[in-house]
Each structure stands twice: as structure tokens, then as C-alpha cells.
Amino acid sequence: MTRSYERINYALRPAKAIERRMLCETFGRLYPFQPVDSYGYIGFGSIYFSDFQLIHRNLGINDLLSIERDEDNAKRFEMNLPYGCISMDFRESGVVLPTLNWNKRRVVWLDYDGTLDTDVLADAATLASKATSGTMIVFSVNAHPVAEPTEEARKITEAKQGAPFRLADYRLSKLQENLPEKIPTDVTGTMLDMKGTPQVLRRVLLGEINAKLAVRNGSLPDAEQLAFVQVLHFVYQDGAQMLTLGGVLVAKQELAMFEACRFGELPFYRQDDRPFPIKVPCLTPREMHQLNSFLPSDDPTQLKREGIPDADVKRYAEVYRYFPNYSEIVFA
Amino acid sequence: MPEESNPKWIKASPTKAFFIHMLTRDVPLTRAILDLIDNCIDGAIRERDGGKYDGLWVRVELSRDEFRIADNCGGIPVKIAREYAFRFGRPEDAQETSGSIGQFGVGMKRSFFKLGRYFSVESKASDSSFTLNVDVDKWMQHSDDERTSDWHFEFDSVAENLTDVPSDAKGTIIEIKRLRDGVGDNFEVEQFCTRLADEISAAHSLSMDRGLAISVNGIPIRHTPHNLLISTNLKPAFVQKEYARTLIDGEATPPVKVKLYAGVSERSLHDGGWYIFCNGRLVLRADQTSTTVWGPAHNLRQYHPDYAYFRGFAYFDSDHAALLPWTTTKTGVDVDSKIYRMVQQEMIEITRPVLDFLNRLERERRDRENGDSVDEPLQVEVKNAVETRAEGITIAQGFVAPASFPRPTGPRYQKIQYTKRAELVEKVKKLLGVTTFTAVGEKTFDYYLENKGED
Ligand SMILES: Nc1ncnc2c1ncn2[C@@H]1O[C@H](COP(=O)(O)OP(=O)(O)OP(=O)(O)O)[C@@H](O)[C@H]1O
Ligand SMILES: [Mg+2]
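Heads up: the protein sequence lines correspond to chains A and B, in order. FYI, in the working numbering the residues of the first sequence are 647 to 978. FYI, in the working numbering the residues of the second sequence are 5 to 459.
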């Protein structure tokens, strides 16, 4: 298995870079719960620690933990630590998360290499069962539809089922293999296309969180009962399509604090099953410079530029504040 | 207006036959006997008030025509017998024994009916004694009718306000005769007695640990303590929690105390899994299903042979037995109870790191088998760890596992195996001028590489 950091430098994946900045801005709004610099942060820093750099520099969070399962290369990770305040834990997240003290408020961004599977759900279950009110939890998973199998694999499936191959059935069976006993009964294979796959994964993930919260709430007084309130829902594609789902665990008695965060003002805020698609416009630095001088703008028609596709202009207007600047090298 | 002439009157009272039928259906024979032993242990709890059970015993005798269980665990006080012990179901106001196994008020009666159609009870308690004989067939002929319903038994002899009962005379003897079809036959089957002994040993190991002696047909029951492997680099997880009663049913006290242990023990496909105890009584043994932690419903893998080293022990204790998640037959947990569902999540979480270690152990074994590695640091660690009593661990800790060696960074090796006709192999051996089969393999491989290989 190639590790994803060996395939590509995270910092160069534009949609991911935009997402990272959007997340950072979202985290900065948590201050009504407590000063954001006194939050903790947990992530999968890989060897680039891009999220850690952004979060430490912009939010002042010093209590930073990077979880990394690739223990064999521990030296390499440690050598790449950009700051002294990041600690590393070389175990599976499923092993690390249950051992932490969850009375502390944290921002947790679990940006998985793979798709939604039982390991991811186990982490979600742990967080839902343990984390305290005011904890921000973000999951990112691969949400690309299952690819057509090779001719050979196709023949094997046909022989096994004794029926002609149907992509929809094949996709459903793959999903069920990955998430046994967790797929809602109304999900059909035809739903599992480009648009539908992240929808289904989101339902499964929320389903797991809510099931665990129900158990936990059963033993809590009314005021302390918790809900997971979604604020982020991204779908984007640098290579494979990704789904990001984020929200805050909020106790009833702290709902006012949550309201005071005013996440709803974020232009990419999403509270339901309609995702905010992060789309990267295809523009030259010079074009971007020109557009910048008219941004922000309430009237997109003003932005029209000769020769630049309107769609790209519109996209750029949506993400320009989060757009990575490649001419600049981040040294820490 | 309890009148048959009342046109709105609908009969709903149970019949004795229904009771006997329904009660005895869902309990296997061995469990019926275990239920009677449970009651002896509740006697011992009252007698020793939570202390040691040294000197206390329970003797079970099985024969073709009779079942007998005798104990010196304090007897049944006449007051309890009169008001509660023989009633079907626990009345709301019944006095309860702190930390008891008894909880539902059915066990003893169910066992009587399951075993036979005639029972006698003889009891000497600290200040009272009684004897009682019941012919179940005759009792059933007494009226069932709602208005004249007659469910009572009668003492044959009864004495109260006694002062001179010597403590070694206190105890209970229960005899059951006119055994039901198949019961006496079973008692003569050696396998049945073995299974019974095995179940008693598992169910009551904690009481035996505290000094209670239990025998079946004169043979003392042995028990194995709940052990986990411990070394400097391998330590079981231990979690201790107290759940306030308010969380469970709104009342103030008492709480439910929970202790959880998860770790590694001797490899055994059959004994691997979770064990659950309520007030010291085993209610679930080596569970390998989703009732505890296994399978995708809990985001863990199914139990399988790699996990045969796994042991988890969950002890639920409360002074108020009704708060514990057991079923009336005490052969399982009430998976829908609030307390169990809360604890289950903890069980899942402490299981995960142990399985993670066992996966690494299996990978190490495979690497060795494939010739990818010669070391087995994890296996050595397991071999050198010492079996230690779980209850001896008192400080909360996470599971500690030895680190795997990083995979060697040098060239990797691959073992090759194949089979050829012996005479041909001998021929090649001669041609090569070597004496071992290994050398035959290596030389022929080198030869091929030299002549056909790229470099
Ligand atoms: N050998 C014994 N020594 C002392 N007390 C006994 C003995 N056998 C029975 N008793 C008394 O009889 C009571 C009734 O027993 P029974 O098993 O029917 O109900 P229970 O133990 O309260 O509840 P459960 O149905 O959960 O077992 C016991 O609680 C106990 O007080
Ligand atoms: Mg009982």
C-alpha cells in the first residue's frame, strides 16, 4: 500500500488547501465556548503537518497531537515536526482516542486516507461517547463511487451471482462489505454514483454518531444532553472525490454559546444534506490579481472579464479568501 | 365487584399449570441446580456480611430417584419463608440482601418444579426453624379459581424465638423426589455431572475464591481464577466506574460499580471472549458475539482464531440487585438495559487495543512463516508474561503492549517451497555434489539466475 503522502504533497492539492483554510476559519469561531487558543487540536499530520502549521499560526493553539499509524517511519515524522508543541502518537486512532481525557475541549480533524469503514465509525463512536460539549469534530473520507471492476473481476462476480453484471449491485455489495450492518435499508445501488455516494456515507456517519449519543443521553440530565450539530459539509475533488463533514457537540445548556459562534455567517456553512462544493477555478496569477481588486463583490456581473470563463470567475469569488498562494513557500 | 354475575368481569388470573409450565420451559436442568446454589450463596452473604466464606459449604447429591442440596449457610428464617421465599415473584416491599444474587423471586420455585413433583425443605436459622413437605400434584388440585384461589403451602413443623441454635447446626436441606421424566436419567449420565461441575465452577468461581466449598456427589468442585498475562511490557487494561443510580431509574442510591479488565491470556479458541458477572455471579461466559463487543455492529471484527488469546472480564456490582443487567435465568445480560449499553461502549473501547496487538502478533507469526523475518519479539513477550489474577489489579490503566520491531530496512527475503519426485531430487543432489535439500534448492536457484538472470 502506498501511503498517500508519498503520492502527493498535500500542500499542492488546491481543493484540500482551500478546505484547510475554511476549516481554520471555522475553528476560530469557537471562542464563545472558551478562548480558542486554549483548545486542543488532534489531527493526522502526515509528514507535512500542513493543518498543524495553519492552526498553530492562525489560532495560537499549542496543545497539538498528531496521530500516525506508520510507526516504522517514526524518525522521519519526528524530523519533520514544524513546532516543538506538536506531540506524536504512533498508534491507530482507534487505540489512541479512547485513552485521551475528553473533558478538555478540542478541535478534532480526522482526515482519513481511505473511505468510510468500521475503523472510521469506531472513532466517531468514541468521540460521540466521550467528547465534551464544545468539541468540534470534522471527518474527511474518500467518497468516490466504486469504480467499474476489471473485465476479469467482472466475470468472477457474474459467475458467483449467476446473473449478468450490474454496476449498481456491485457498488452496493462493495459498500456493504465495507460497512456491514450499517447501510440504511432504503439505500439502493443506483444511489451510489458520484453525487449519491457522499450522501449515503454522510447518513451512515451521522447515524453512528446519533446512535452513540442516544445511549449517552439516556443517562444524562436534560440540560446536559448532547447533540451533534452539523456546520460543515464539503464535497471536492483533487483526485478522488472527498466528503468532509464537521460539527460541534453541544449540550442543551450550552446552546446559547453555540449560537454565539454564528457559524451560519460563514459563506460555506452547511447544516443539511446539500454540500458546499469546493471547486477550484482555473486562473493564472495575473487574472487572480486583477479579480482581487474587485473583491469582495455583491454583484458578480461586475467581475466579468474578457476571455475568462464566467464559471471560473464565479468560483473564484467564492473561494478567493481561502485560495492558496503557491508563490509563497511556508517555512516554519 | 368481583362477581361472576358482573357482566363486565373478565378472568385474567394465572393457573398453576400455566405457571409451572412457563417457568420451567426456559431454564435448562443445570441452570435449575445453579439457581439453588445461588440461594445458598445469598445465605452466605447474609451470614458473613460480605466477609470470607471459610467453613461454609454446599453439597449437591444427584441420584436416579432423588435430588438433594444441603448447606450450612445460615438457613431460611421462618419470617422470610412465610412472607417471601415461597412466593412467586418478589413483592415490592420484600426486604433485600445487599449484594445478593437473588433478585426476581422465582429461582427456587422454578427449580423445584423443573426437577420433580415432590419437595421438602428443612431449615434451621439463628432463631427459627421449620420443615415443609409439598406434593406438587396434590397442590395443583387445590382450587385455581380466582375467588377461592389457593396458592399457599403449609409448614409441617415450625419453631420461632429459638435462642440455642448452635452456629454449626444452621443451614438448609432441600430434597426433591418423584423426579420428572429424564431428570433422574440425566443424573446418572457422567457427562451431565461433568457439565454441571463445569458450570458451577465457572458461575461461582468468585464465591469459591472467597472460601465457599461446593461439592457434587462428594467430589469438590475446583475453580480457576480469572487470570491475565502481565509483564513489564504487556499489561491488561483496567477501568473502574461508578454509575449513580439516578442515571438508571431516578432513585438516589445505591450506585452500580463496574470493573472492566481486558487483556491477553492463554490461547484458547473456546475460552477467548468476554465474561460478565453480576454481584459475583457469572452470567455470560466467553462471549464471542455481538451481545458484548464482537462484529461490525460495534465496529470491531468478528471473533476469530487470532483472538483466542483475548480475555475480557466485566464485573457489575450493586447492593440493589435489580439495577444489574441480568436476565431472570442469570444466563445472559439484558442487552437493552441502560446500564449495560453505557458500559458496553467502554468494553468496546478497551477491547480494541488488545485486538490491535493480537493482529500484530498474527502478522509477526505470518512474517516468520513466510521467511520474511526471524525474530518474534511479541511472541516471546507473551511467553514470558506471567498469569496474574485480574482482581489483583487495582490501579486504572490502559492496555500496554510491546512495540513491534520495525520491519527490517535491508533486503527482504522470501522463502520458496516445492515438491519434486524423490529420485529426481537425489539425482540433482549428486549432480550438484551437495548433501542437503536446502542446498539443492539454493544451488539450482543460483544456477538459474546466473544463466538467465539480468544481473
Ligand atoms: N439455602 C438457602 N439458604 C438461605 N436462604 C435461602 C436458601 N434457599 C432459599 N433461600 C431464601 O429464599 C428466597 C427465595 O428464593 P428464590 O430463589 O425463589 O428467589 P430469589 O433468590 O430472591 O430471586 P431469584 O429468582 O433471582 O433467584 C431467597 O431469596 C432466600 O432468602
Ligand atoms: Mg434465588
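These are calculated hints, taken from the structure and not from any lab test. Backbone N, C-alpha and C fix where the C-beta goes; we use that ideal spot for every residue, glycine too. One or more hints might be untrue.
As the list claims (entries may be wrong) - Have a look at the derived ranges for each label pair, beta carbon to beta carbon: (1) A:MET840 x B:PRO381: 45 to 55 Å; (2) B:GLU255 x A:VAL875: 52 to 62 Å; (3) A:ALA860 x B:SER124: 31 to 41 Å; (4) A:GLY853 x B:ALA217: 45 to 55 Å; (5) B:PHE441 x A:MET840: 27 to 37 Å; (6) B:ARG367 x A:ASN726: 20 to 30 Å; (7) A:LYS721 x B:GLU255: 54 to 64 Å; (8) B:ARG367 x A:PRO678: 42 to 52 Å; (9) B:GLU270 x A:MET840: 47 to 57 Å; (10) A:MET840 x B:GLU255: 25 to 35 Å; (11) B:PRO32 x A:ARG800: 26 to 36 Å; (12) A:MET840 x B:LYS447: 38 to 48 Å; (13) A:GLU905 x B:PRO32: 40 to 50 Å; (14) B:PRO309 x A:GLY760: 23 to 33 Å.
To be verified - Anything over 12 Å on all C-beta distances counts as not near chain A; from chain B, calculated: (15) GLU70; (16) VAL187; (17) THR228; (18) TYR247; (19) ALA248; (20) ARG289; (21) SER294; (22) GLU353; (23) ASP360; (24) GLU366; (25) ARG393; (26) GLN401; (27) LEU436.
Unchecked claim - In silico DSS-like links for lysine-lysine, alpha-carbon gap of 30 Å or less: (28) A:LYS776 x B:LYS263; (29) A:LYS721 x B:LYS239; (30) B:LYS456 x A:LYS750; (31) B:LYS245 x A:LYS898; (32) A:LYS950 x A:LYS960; (33) B:LYS419 x B:LYS456; (34) B:LYS419 x A:LYS898; (35) B:LYS419 x A:LYS750; (36) B:LYS15 x B:LYS142; (37) A:LYS776 x A:LYS801.
A quick look at each hint next to the structure:
In this structure the hint that A:MET840 and B:PRO381 lie 45 to 55 Å apart at CB holds, the actual value being about 47 Å. A C-beta distance of roughly 33 Å is found between B:GLU255 and A:VAL875, which places it outside the suggested range of 52 to 62 Å. Between A:ALA860 and B:SER124 the beta carbons are some 51 Å apart, a value that contradicts the proposed interval 31 to 41 Å. Between A:GLY853 and B:ALA217 the CB atoms are about 52 Å apart, so this pair conforms to the stated range of 45 to 55 Å.
Distance hint check: the CB atoms of B:PHE441 and A:MET840 are about 57 Å apart, inconsistent with the given range 27 to 37 Å. Roughly 27 Å separates the CB atoms of B:ARG367 and A:ASN726, a value that falls within the hinted 20 to 30 Å. Between A:LYS721 and B:GLU255, the C-beta spacing of about 57 Å keeps the proposed range 54 to 64 Å intact. Take B:ARG367 and A:PRO678: their Cβ atoms lie about 47 Å apart, and the range 42 to 52 Å holds.
At roughly 51 Å, the beta-carbon separation of B:GLU270 and A:MET840 lies within the given 47 to 57 Å, and the hint holds. For the hinted restraint 25 to 35 Å between A:MET840 and B:GLU255, the CB-CB distance of approximately 54 Å leaves it violated. The beta-carbon spacing between B:PRO32 and A:ARG800, approximately 51 Å, falls outside the hinted interval of 26 to 36 Å. At about 57 Å, the beta-carbon gap between A:MET840 and B:LYS447 misses the expected band of 38 to 48 Å.
Remark: the range hint 40 to 50 Å for A:GLU905 to B:PRO32 is contradicted by a beta-carbon distance near 58 Å. At about 26 Å, the beta-carbon gap between B:PRO309 and A:GLY760 stays in the expected band of 23 to 33 Å. Once the 12 Å rule is applied to beta carbons, B:GLU70 is consistent with being away from chain A; the minimum gap is 49 Å. Under the 12 Å C-beta cut-off, the non-interface status given to B:VAL187 relative to chain A holds; the minimum distance is some 41 Å.
Residue-level check passed: B:THR228 sits 29 Å from the nearest beta carbon of chain A, beyond 12 Å. A beta-carbon of chain A is positioned within 12 Å of the beta-carbon of B:TYR247; the least distance is around 7 Å. With a closest Cβ-Cβ approach of about 9 Å to chain A, B:ALA248 is found to fall inside the 12 Å limit, against its non-interface label. Interface exclusion of B:ARG289 from chain A stands, the closest Cβ pair being 25 Å apart, more than 12 Å.
Remark: the non-interface label on B:SER294 conflicts with the geometry, its nearest Cβ contact in chain A lying 9 Å away (cut-off 12 Å). The Cβ of B:GLU353 does not lie farther than 12 Å from every Cβ of chain A; its closest approach is about 4 Å, which violates its non-interface assignment. Look at B:ASP360: its CB is around 5 Å from the nearest CB on chain A, not clear of 12 Å, so calling it non-interface is violated. The beta carbon of B:GLU366 sits about 15 Å from the closest Cβ of chain A, which is more than 12 Å, so the claim that it is off the interface holds.
Listed as a non-interface residue, B:ARG393 keeps its Cβ farther than 12 Å from every Cβ of chain A; the least gap is roughly 24 Å. The Cβ of B:GLN401 does not lie farther than 12 Å from every Cβ of chain A; its closest approach is about 10 Å, which violates its non-interface assignment. Every beta carbon of chain A lies more than 12 Å from that of B:LEU436, the smallest distance being close to 39 Å; the non-interface claim holds. For the suggested pair A:LYS776 and B:LYS263, the alpha carbons sit about 18 Å apart, so the restraint of at most 30 Å is met.
The suggested pairing of A:LYS721 with B:LYS239 holds, with an alpha-carbon distance near 26 Å, which does not exceed 30 Å. A C-alpha spacing of about 65 Å is found between B:LYS456 and A:LYS750, which places the hinted pair above 30 Å, so the restraint is violated. Note on B:LYS245 and A:LYS898: the hinted pairing holds, with a Cα-Cα distance of about 25 Å set against a maximum of 30 Å. For the given pair, A:LYS950 sits about 9 Å from A:LYS960 by alpha-carbon distance, which is consistent with the 30 Å threshold.
Taking the CA atoms of B:LYS419 and B:LYS456, the gap is near 20 Å; set against the 30 Å cutoff, the hint holds. Among the hinted pairs, B:LYS419 with A:LYS898 is inconsistent with the structure: their alpha-carbon atoms are about 61 Å apart, more than 30 Å. At roughly 51 Å between alpha-carbon atoms, B:LYS419 and A:LYS750 are farther apart than 30 Å, so this suggested pair is violated. About 24 Å separates the Cα atoms of B:LYS15 and B:LYS142, which keeps this hinted pair within 30 Å; it holds.
Between A:LYS776 and A:LYS801, the direct Cα distance comes to roughly 46 Å. Violation of the 30 Å bound is thereby established for this hinted pair.
Hint compliance for this structure: hints 2, 3, 5, 10, 11, 12, 13, 18, 19, 21, 22, 23, 26, 30, 34, 35 and 37 are not met, and every other hint is.
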